[in-house]
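Student: The task is simple: from the sequences and hints, build the whole structure.
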Amino acid sequence: MDEAMVCAALAVLTDGPRYTAEEALQKVPNEAGLYAVHGDAPAIGDLAAGTAGRPLYVGKAERSLVGRDLRIHFATGRTGSSTLRRTLSALLREPLGLRAVPRNLARPDGSANYSLESGGDERLTEWMHARLRLSVWVRPEGIALDEVETAVLHALRPPLNLAKTGGRGDLRVKRARAAMAAEARAWQKHDGIDSRA
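1283 is the number of the first residue of the sequence shown in the working numbering; add one for each residue after it.
Hints listed in this document are in silico derivations from the structure and should not be mistaken for laboratory results.
These numbers were taken from a predicted model, which means no experiment stands behind them.
Some clues are possibly wrong.
Derived DMTMM-like pairs (lysine to aspartate or glutamate); straight-line CA-CA distance at most 20 Å [as the list claims (entries may be wrong)]: (1) K1446 - E1429; (2) K1446 - D1428; (3) K1456 - E1376; (4) K1342 - E1429; (5) K1342 - D1284; (6) K1342 - D1428; (7) K1342 - E1423; (8) K1446 - D1328; (9) K1446 - D1284; (10) K1342 - D1297; (11) K1456 - D1328; (12) K1342 - E1313.
Tutor: Shown next as structure tokens:
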């Protein structure tokens, strides 16, 4: 592991420019790299997680920072495909009035990768666009992104990451996500009426 590379990634992700989702569409390169999601003071309060100046979540985009960050994490209708959105929705369930549903309503499969009812999914996106900012580190050619991500996660221990943080994933986050997954598994639809088992 190249320590200088990890230090460079840490510096950019913690102290580099931070973009709103709209700004990121113009400024974030369509390349592989790491991204950090930062919350403002109200976000940290709403989530009861994190501290000022430290990322809430760090992830990697193997192909495209734009595709992973903006077209999945910050897009309405993508909660079932986004670990970040599922974690945020679990922590914001009460304040945003969110209800979990199966990722595929036509074919519920009992997956833990739940989605949200459409109105709630829109409210989550609005909250994210208002409260969160992105910083990005573009991977230099020939660098193993997974190794850098692991080192960055061990150094920062972002509160919303559940993997690669040295076994210190937040139990509160895990419980909140498990409750949402259970709600999605209990979802049923009969004759156009939603019911809970």
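Student: All hints are to be evaluated individually against the structure, with a verdict given for each.
Tutor: To see whether the hints hold, each was checked on the structure:
1. K1446 - E1429: holds (11 Å)
2. K1446 - D1428: Roughly 10 Å separates the two Cα atoms, so the pair holds.
3. K1456 - E1376: holds (16 Å)
4. K1342 - E1429: Answer holds: K1342 to E1429 is near 11 Å, not above 20 Å.
5. K1342 - D1284: holds (17 Å)
6. K1342 - D1428: holds (8 Å)
7. K1342 - E1423: Distance ~15 Å between K1342 and E1423 Cα, so the pair holds.
8. K1446 - D1328: violated (24 Å)
9. K1446 - D1284: holds (18 Å)
10. K1342 - D1297: holds (18 Å)
11. K1456 - D1328: holds (17 Å)
12. K1342 - E1313: The hint holds at about 11 Å.
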